[in-house]
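In order, the protein sequence lines correspond to chains U and R.
Position one of the first sequence corresponds to residue 0 (numbering that gives the first Met the number 0), numbered consecutively onward.
Position one of the second sequence corresponds to residue 0 (numbering that gives the first Met the number 0), numbered consecutively onward.
A hint or two may mislead.
Stated by the list, open to error - Taking beta-carbon pairs under 7 Å as the criterion, some of the chain U residues facing chain R (in silico):
| id | residue |
| --- | --- |
| 1 | Tyr247 |
| 2 | Glu333 |
| 3 | His343 |
| 4 | Glu349 |
Stated by the list, open to error - With a straight-line Cα cutoff of 20 Å, these simulated SDA-like cross-link-like pairs (lysine to any residue) come out:
| id | chain 1 | residue 1 | chain 2 | residue 2 |
| --- | --- | --- | --- | --- |
| 5 | R | Lys126 | R | Leu116 |
| 6 | U | Lys239 | R | Arg43 |
| 7 | R | Lys27 | U | Thr255 |
| 8 | R | Lys126 | R | Arg137 |
| 9 | U | Lys51 | U | Ala83 |
| 10 | U | Lys51 | U | Arg38 |
| 11 | R | Lys126 | R | Ser56 |
| 12 | U | Lys239 | U | Gly91 |
| 13 | R | Lys99 | R | Glu78 |
| 14 | R | Lys27 | U | Asp346 |
| 15 | R | Lys91 | R | Asp73 |
| 16 | R | Lys27 | U | Arg342 |
| 17 | U | Lys51 | U | Ala39 |
| 18 | U | Lys51 | U | Ala79 |
| 19 | U | Lys239 | U | Asp270 |
| 20 | R | Lys27 | R | Phe55 |
| 21 | U | Lys239 | U | Gly23 |
| 22 | U | Lys51 | U | Arg234 |
| 23 | R | Lys92 | R | Tyr103 |
| 24 | R | Lys91 | R | Arg79 |
| 25 | U | Lys51 | U | Asp67 |
| 26 | R | Lys27 | R | Arg61 |
| 27 | U | Lys239 | U | Asp346 |
| 28 | R | Lys27 | U | Arg254 |
| 29 | U | Lys239 | U | Asp94 |
| 30 | R | Lys27 | U | Gly256 |
| 31 | R | Lys27 | U | Arg252 |
| 32 | U | Lys239 | R | Thr44 |
| 33 | U | Lys239 | R | Lys126 |
| 34 | U | Lys239 | R | Ala40 |
| 35 | R | Lys27 | U | Arg353 |
| 36 | R | Lys27 | U | Ala253 |
| 37 | U | Lys239 | U | Phe280 |
| 38 | R | Lys27 | R | Arg15 |
| 39 | U | Lys239 | U | Gln90 |
| 40 | R | Lys27 | U | Ala83 |
FYI, nobody ran anything at the bench for these hints, they're computed from the structure.
Note that the coordinates shown come from a computational prediction; the quantities given were computed from them, not determined experimentally.
Glycine included, C-beta positions come from ideal geometry on N, C-alpha and C.
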Amino acid sequence: MSAPGAIQSLAFVCPRYAAGGTVGGAETLLRELARRAARAGRRVAFLTTCAKSHFTWANEIEPGARRDGDLEVRYFPVDADRDAERFLRIQGEIDRRAGVSRADEEAWIANSVNSRALCDHLRERGGDYDRIVLGPYLFGVTWRAAQIHPSKSFLVPCLHDEPFAYLSIMTDLFRAVHGCLFNSEPERDLAARLYGAGGARGLVVGMGLDPFEADPSAYAARRGLAAPYVAYAGRRESAKGTPLLVDYLDAFRARTGRDIRLVVTGSGPIDARPFVIDEGFVSEADKHAIMAGARAFVHPSVMESFGIVLLESFLAGTPGLVHAGGAVLRWQCERSGAGLWFRHYPDFEELLVRLLDDDALRASLGARGRDYVRREYAWDAVERRFFQALEEESPKDEG
Amino acid sequence: MADEIFEAGPGAEAARVVADVRETVERKMREGAYADARVAAAERTNLVRLSTDESFSAYYLRCLRDAVYVDISDFEIRERRARFAPLLVRMKKAIWSLLKFYTYRLWSQQNQVNGLLVTGIEAIDEKTEQRIRRLEARVAELEKRLGERAP
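Can you make the complete structure from the sequences, with help from the hints?
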């Protein structure tokens with residue numbers, strides 16, 4: 000653990016607090032960074048909204064401050080006057096890349112999830128915090144909070160190559176903050192491409208992962224599963240590429256005649272084909288056991304900024320098989336030497352056959368993955384990068 | 000890119016396997032190993048992901064061309080249940096001979112439509128490509144002229 004340096008007090012701002020296991024990777028990342036900072040001796044306040052669902056943004060949690068371990072979590076109500084209908088209409092246009100006006104962009108962010116109470120707290124008590132860490136980039140709460148004390152605000156963008164990233168208001172956000180804490184080099188490159196050098200200041204920090212041991216035969220034995228399987232974990236939706244994975248596995252089984260199953264965990268709909276085993280939400284230990292027993296962890300998403308589950312599968316000693324179009328996941332595979340990448344079905348078929356038939360290749364990729372995550376994403380290394388990023392340049396208080 | 004950067008690093012083996020597989024895939028593509036309706040169907044969601052990759056759209060159009068025609072030829076009629084198998088096979092054959100005329104007519108029309116659609120898409124693709132090539136040449140020419148004019 001790092002000793003407290005110049006930074007004594009930190010505020011984290013995120014639309015939701017990852018109290019359970021049902022939130023996204025960005026929320027988990029911010030919570031973990033906050034927890035680590037608190038354990039390292041800093042005073043940390045986690046400022047969030049009372050919402051649980053990112054679909055309704057309804058206030059479901061009682062406002063106020065509560066402790067969660069070393070963290071003080073402050074819940075603020077979501078503004079009740081948001082025009083959800085207008086928000087969704089403009090969002091649809093942005094999503095279709097229809098080209099919206101600046102006024103519509105502003106209306107979209109104004110009707111996104113916002114909290115005046117949270118912003119008022121930052122205005123009144125902002126002086127108490129040496130640094131403010133906010134994210135992810137595309138929510139009203141983040142966007143508004145970043146404008147309050149920009150010179151000591153650091154954005155954890157979790158940026159993807161998606162239509163929202165191309166809005167002009169996002170250029171303002173990335174350029175306004177003091178710096179960014181990126182999850183990967185491709186994410187920083189994307190910020191530089193979209194917002195110029197001024198929008199890509201900051202360091203690559205990432206998130207730490209605790210090593211674990213998992214028995215590769217435990218899941219199959221418990222399930223009575225004799226056939227080999229590949230695994231996927233996380234949200235199941237077209238943006239994550241799960242329909243593509245199911246289609247590819249279906250074609251693979253039909254063309255090669257091999258009985259290979261797909262074991263999926265997480266939430267969201269998935270095509271219920273006979274070879275798909277949907278485990279839904281499982282404990283971390285069960286997830287790790289599923290990963291450890293898989294012949295490969297297939298992650299076809301092209302919109303990731305870090306790839307937590309891919310790195311977890313590396314820790315489980317399982318090689319990754321990712322989409323070549325996903326810059327971040329491919330970067331993780333290339334850098335670690337623990338995974339392979341496919342452009343289309345023919346690549347997928349040939350690579351999966353190799354992984355299924357070549358035990359030595361699988362073992363060697365698996366060993367590299369474990370070493371890579373233990374080296375690059377040990378919490379000590381991540382904490383060092385995190386505080387280095389925050390301390391690199393002493394921001395001036397805008398007064 | 001990966002091949003150059005990871006020549007000796009931890010990623011060398013992975014990059015080598017990927018490069019090796021790509022070579023195999025190129026060869027098998029030329030041999031028509033992926034000319035399969037199942038491959039074309041599996042790629043439907045990949046189109047959006049690689050929409051900027053020109054080689055992918057060319058490959059997908061090839062897949063589509065190979066997969067476009069529904070097989071309407073006769074097929075072997077079998078029966079898995081051992082009991083009454085010969086009788087059941089004869090019955091199925093009789094039903095098929097009655098339906099054949101209608102399904103043949105239906106599927107041959109479908110094949111015509113599919114074929115025309117693919118030809119149409121290929122024509123649009125070719126036209127767009129030619130147009131882009133012409134525009135690129137024009138831009139290059141204009142840039143050259145501007146460069147000559149600059150002091």
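To see whether the hints hold, each was checked on the structure:
1. Because the beta carbon of tyrosine 247(U) sits about 5 Å from the nearest beta carbon in chain R, less than 7 Å, this interface hint is met.
2. Among the interface hints, the one on glutamate 333(U) holds; its C-beta lies about 5 Å from the nearest C-beta in chain R, closer than the 7 Å criterion.
3. About 6 Å separates the beta-carbon of histidine 343(U) from the nearest beta-carbon of chain R, less than 7 Å, and the hint is met.
4. Because the beta carbon of glutamate 349(U) sits about 4 Å from the nearest beta carbon in chain R, less than 7 Å, this interface hint is met.
5. Distance check on the hinted pair: lysine 126(R) and leucine 116(R) sit about 15 Å apart at the alpha-carbon level, within 20 Å; holds.
6. Distance hint between lysine 239(U) and arginine 43(R) is fulfilled; the C-alpha atoms sit about 15 Å from each other, no more than 20 Å.
7. With a C-alpha separation of about 15 Å, the suggested pairing of lysine 27(R) with threonine 255(U) holds against the 20 Å cut-off.
8. Using a Cα cut-off of 20 Å, the hinted pair lysine 126(R) and arginine 137(R) holds, with the two alpha carbons roughly 16 Å apart.
9. At roughly 16 Å between alpha-carbon atoms, lysine 51(U) and alanine 83(U) fall within 20 Å of each other, so this suggested pair holds.
10. In summary, the hint linking lysine 51(U) to arginine 38(U) is not supported, as the alpha carbons are separated by about 26 Å, beyond the 20 Å threshold.
11. At most 20 Å may separate the alpha-carbon atoms for a hinted pair to count; lysine 126(R) and serine 56(R) meet this at roughly 14 Å.
12. This hinted pair checks out: lysine 239(U) and glycine 91(U) have alpha carbons roughly 19 Å apart, not beyond 20 Å.
13. With a C-alpha separation of about 19 Å, the suggested pairing of lysine 99(R) with glutamate 78(R) holds against the 20 Å cut-off.
14. In summary, the hint linking lysine 27(R) to aspartate 346(U) is supported, as the alpha carbons are separated by about 11 Å, within the 20 Å threshold.
15. Only pairs whose Cα atoms come within 20 Å are accepted, and lysine 91(R) paired with aspartate 73(R) is accepted, the gap being roughly 13 Å.
16. Between lysine 27(R) and arginine 342(U), the direct Cα distance comes to roughly 15 Å. Compliance with the 20 Å bound is thereby established for this hinted pair.
17. Under the criterion of a C-alpha separation no larger than 20 Å, the hint pairing lysine 51(U) with alanine 39(U) is inconsistent with the structure, at around 28 Å.
18. Only pairs whose Cα atoms come within 20 Å are accepted, and lysine 51(U) paired with alanine 79(U) is accepted, the gap being roughly 15 Å.
19. Taking the CA atoms of lysine 239(U) and aspartate 270(U), the gap is about 14 Å. The hint holds against a cut of 20 Å.
20. Distance hint between lysine 27(R) and phenylalanine 55(R) is fulfilled; the C-alpha atoms sit about 15 Å from each other, no more than 20 Å.
21. Straight-line distance between C-alpha atoms of lysine 239(U) and glycine 23(U) comes to about 12 Å, which keeps the hinted pair within the 20 Å bound.
22. For a cut-off of 20 Å, the pair hint linking lysine 51(U) to arginine 234(U) stands: about 16 Å separates their Cα positions.
23. For the given pair, lysine 92(R) sits about 15 Å from tyrosine 103(R) by alpha-carbon distance, which is consistent with the 20 Å threshold.
24. Pair hint lysine 91(R) plus arginine 79(R) holds up; C-alpha atoms about 13 Å apart against a cutoff of 20 Å.
25. Of the supplied pair hints, the one linking lysine 51(U) and aspartate 67(U) holds, its CA atoms being roughly 16 Å apart against a limit of 20 Å.
26. Restraint check: the Cα-Cα separation between lysine 27(R) and arginine 61(R) comes to about 13 Å, which is no more than 20 Å; the hinted pair holds.
27. Note on lysine 239(U) and aspartate 346(U): the hinted pairing holds, with a Cα-Cα distance of about 19 Å set against a maximum of 20 Å.
28. Taking the CA atoms of lysine 27(R) and arginine 254(U), the gap is about 14 Å. The hint holds against a cut of 20 Å.
29. Taking the CA atoms of lysine 239(U) and aspartate 94(U), the gap is near 16 Å; set against the 20 Å cutoff, the hint holds.
30. A distance of roughly 18 Å separates the Cα atoms of lysine 27(R) and glycine 256(U); the hinted pair therefore holds under the 20 Å criterion.
31. Distance check on the hinted pair: lysine 27(R) and arginine 252(U) sit about 18 Å apart at the alpha-carbon level, within 20 Å; holds.
32. Taken as a hint, the lysine 239(U) and threonine 44(R) pair is honoured in the structure, with Cα atoms around 11 Å apart against an allowance of 20 Å.
33. Pair hint lysine 239(U) plus lysine 126(R) does not hold up; C-alpha atoms about 33 Å apart against a cutoff of 20 Å.
34. Using a Cα cut-off of 20 Å, the hinted pair lysine 239(U) and alanine 40(R) holds, with the two alpha carbons roughly 19 Å apart.
35. For a cut-off of 20 Å, the pair hint linking lysine 27(R) to arginine 353(U) stands: about 16 Å separates their Cα positions.
36. Taken as a hint, the lysine 27(R) and alanine 253(U) pair is honoured in the structure, with Cα atoms around 18 Å apart against an allowance of 20 Å.
37. Our distance criterion of 20 Å between C-alpha atoms is met by lysine 239(U) and phenylalanine 280(U), whose separation comes to about 17 Å.
38. Restraint check for lysine 27(R) and arginine 15(R): the C-alpha separation of about 18 Å stays at or below 20 Å, so the hint holds.
39. Distance hint between lysine 239(U) and glutamine 90(U) is fulfilled; the C-alpha atoms sit about 19 Å from each other, no more than 20 Å.
40. Between lysine 27(R) and alanine 83(U) the CA atoms are separated by roughly 51 Å; this puts the pair beyond 20 Å, and the hint is violated.
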